[in-house]
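Engineer: Given the coordinates of chain A, work out where chains B and C should sit on it, guided by the hints.
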Amino acid sequence: MNSADEPLLFSGAAVQSDDALYIEVDGWEGPLDLLLDLARRQKVDLRQISILALVDQYLGYIERAGAMRLELAADYLVMAAWLAYLKSALLLPKEEQEDPSPEELALRLQLRLQRLGAMREAAARLMARDRVGRDVFLRGAPEGLRTDRKTLYRSDIFALIQAYGQVKARTAPRIYHVANRPVMTLDSALERVSSMLGVTLEWMELRDFLPPHASPELKRSALASSFVAALELTKRGKAELEQEEAFAPLRIRRLRDGAPA
Amino acid sequence: MSEDTAPGEDAITRALEATLFAAEDPMTPEQLSAHLGGMAMGDVREGLAALADHYATRGVHLVERGGRWHFETASDLAHLLRREKEQVRRLSRAATEVLAIIAYHEPVSRAEIESIRGVQTSAGTLDVLLEAGWIRLAGRREVPGRPVIYATTPAFLDHFGLASRRDLPGIDELRAAGLLDPVDEAMNAAMHFDPDEPEAEDAD
Amino acid sequence: MSEDTAPGEDAITRALEATLFAAEDPMTPEQLSAHLGGMAMGDVREGLAALADHYATRGVHLVERGGRWHFETASDLAHLLRREKEQVRRLSRAATEVLAIIAYHEPVSRAEIESIRGVQTSAGTLDVLLEAGWIRLAGRREVPGRPVIYATTPAFLDHFGLASRRDLPGIDELRAAGLLDPVDEAMNAAMHFDPDEPEAEDAD
Chain A
0 MNSADEPLLF SGAAVQSDDA LYIEVDGWEG PLDLLLDLAR RQKVDLRQIS
50 ILALVDQYLG YIERAGAMRL ELAADYLVMA AWLAYLKSAL LLPKEEQEDP
100 SPEELALRLQ LRLQRLGAMR EAAARLMARD RVGRDVFLRG APEGLRTDRK
150 TLYRSDIFAL IQAYGQVKAR TAPRIYHVAN RPVMTLDSAL ERVSSMLGVT
200 LEWMELRDFL PPHASPELKR SALASSFVAA LELTKRGKAE LEQEEAFAPL
250 RIRRLRDGAP A
Chain B
0 MSEDTAPGED AITRALEATL FAAEDPMTPE QLSAHLGGMA MGDVREGLAA
50 LADHYATRGV HLVERGGRWH FETASDLAHL LRREKEQVRR LSRAATEVLA
100 IIAYHEPVSR AEIESIRGVQ TSAGTLDVLL EAGWIRLAGR REVPGRPVIY
150 ATTPAFLDHF GLASRRDLPG IDELRAAGLL DPVDEAMNAA MHFDPDEPEA
200 EDAD
Chain C
0 MSEDTAPGED AITRALEATL FAAEDPMTPE QLSAHLGGMA MGDVREGLAA
50 LADHYATRGV HLVERGGRWH FETASDLAHL LRREKEQVRR LSRAATEVLA
100 IIAYHEPVSR AEIESIRGVQ TSAGTLDVLL EAGWIRLAGR REVPGRPVIY
150 ATTPAFLDHF GLASRRDLPG IDELRAAGLL DPVDEAMNAA MHFDPDEPEA
200 EDAD
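Read top to bottom, the protein sequences are chains A, B and C.
Take the first sequence: its letters are residues 0 to 260, numbered as in numbering that gives the first Met the number 0.
Take the second sequence: its letters are residues 0 to 203, numbered as in numbering that gives the first Met the number 0.
Take the third sequence: its letters are residues 0 to 203, numbered as in numbering that gives the first Met the number 0.
Hint data in this document are derived by calculation from the structure and do not stem from the laboratory.
Nothing here was measured: the structure is a model prediction, and the numbers come from that model.
Where is the CB? At the ideal position from N, CA and C, for every residue including glycine.
Accuracy of the hints is not assured; some may be wrong.
Here are some, though not all, of the chain A residues that point toward chain C, as calculated from beta-carbon distances under 10 Å [claimed, not checked]:
no., residue
1, 136
2, 142
3, 143
4, 146
5, 147
6, 150
7, 151
8, 156
9, 159
10, 165
11, 168
12, 170
The following block holds chain A by itself, in its conformation from the complex (with noise of 0.2 Å):
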């Protein structure tokens, strides 16, 4: 109670430094710890300590800091009230105990002490260590170690020569042959197909208007320009086209000059 004189920020949540976590009475830092201190006073193993002992004297000691008008933080007096609920359920007869018994909490309570005393022992003795920098030292001008990458490139002259063979081929003047393929052009198909008409004024089929040693590929050319050559005549009035389903053969004939059928 260094400064009872001067208004403490005692703010449990806010926490926003390492110096606010600290509750500046006597420097606790928090509740836990406040317990903490006090139940190393009572100078026993944190595993034989008196519950009740500890919150009879948190209790006594939050009264004292109100008695001094000292504004204490919130989660000092949330586990003041805690621990007073505690007391109360500690003294009453067993079968009035609620669940979690008063003795689980107490128990609790004592094994959260016990790591926060053991994790506080432990700090304790790992600064006391010796340190670097302060204890031991390490060499002071270090002459450091370098290591120096150099890459070494390798390669070979069929690499070599493959490679100026891809440059020349990718880049040499490249020759297209372009195939001469057989084809029927519609205009030759229409002649074709209107000098064979004339001949007779019955049904043909179109297949016959083909010309009959042409090679495959020509035959295909031919069948599809003599196809439009005849849907063409057709339009003109100068033919007339018929099939009786799908696929069967198609077949033309010639109209009379005219004449429709």
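Structural biologist: Relative to the frame of chain A, chains B and C by itself:
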């Protein structure tokens, strides 16, 4: 060490000695081997052991910290050297405690740290430890919220002169006493009537 | 060094050893004496001599330079401080092409290389070849802009096992070896309109 294998005349130990003296950071045997042109790992380990032995009584010691080796001054000479060389940062009590909790429990989440300390941990506290290079983020705990977990670093072992975490003062006793177990686990163990674990008391 | 004054057991030499090890700068005997709480100058000098003697055969030496003492790596091990690590890498395809063009056409400018390759050449590619020691700057072409021209080096001939550039196979030999065949010839063969393969359409 016997005089007939004096490491001063031994090319391997001389090379290791020179390298570790010159190194700016502690080195693993693997790094030493690589630096020394692929020196056989067996030779590196033997050489390190011989060197550590040779220096054991001298003013400078060769020590292993977290698998990495470095020379440092003998700790009994601290009083001679400390004078102008107080380079160690002073840690706040909170930071000291948080560091101890992380070291003894790692990996550990902030919530777990707080449940042991009973107070919130300011971000600054963890920052100080992260900045010192003594703790690192060690991933996330696969529980709801996936909290970040923290663990110590090789630099932590270096600084506190620990060969490994097993050298943490009193860690075996703390573990044996169950003081590194969470409170809930300890409750189950202590309260022999846990309905879910009828065998609990046998497990003690 | 005599065994009966083993410095490892000597408080003075241990203190000197640790102090000099941790020192950031070389120290005079006077500084050492002052640092070690006014150690007698005679003790300092004797201790330094004993230490220097002890370290004389080790990987690290204690040496005096201009009246100041410090540890330094044994001179025969100085190469350990700065190691050169050689890493063998296969020349990239782009670099191989550029090298081949230079070899066949030297001296050539970068613009000429690019016009032969049909693609731009990064400066890095030429750097790699210069670094490998296979090409050199061979002056400037006396045309507008005076571009740098490149030529191969004797190291190039060495590496590729050539007695001279005349050993490089000529265009005709490359063609005979099939090395001038277009890369995508296989594609053409698969095309259906190849006039030499009238049956191709049956493959549909």
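Engineer: Would you mind marking each hint as holding or not holding in the structure?
Structural biologist: Here is how each hint holds up against the structure:
1. 136: holds, 4 Å
2. 142: holds, 5 Å
3. 143: This hint holds: residue 143 of chain A lies near chain C, its Cβ roughly 7 Å from the closest one there, short of 10 Å.
4. 146: holds, 5 Å
5. 147: Where the cut-off is 10 Å and the nearest Cβ of chain C is about 5 Å from residue 147 of chain A, the hint holds.
6. 150: holds, 5 Å
7. 151: holds, 5 Å
8. 156: holds, 5 Å
9. 159: Holds. Min distance 5 Å.
10. 165: holds, 6 Å
11. 168: holds, 5 Å
12. 170: Holds - the Cβ of residue 170 of chain A comes within 10 Å of chain C, reaching about 5 Å at its closest.
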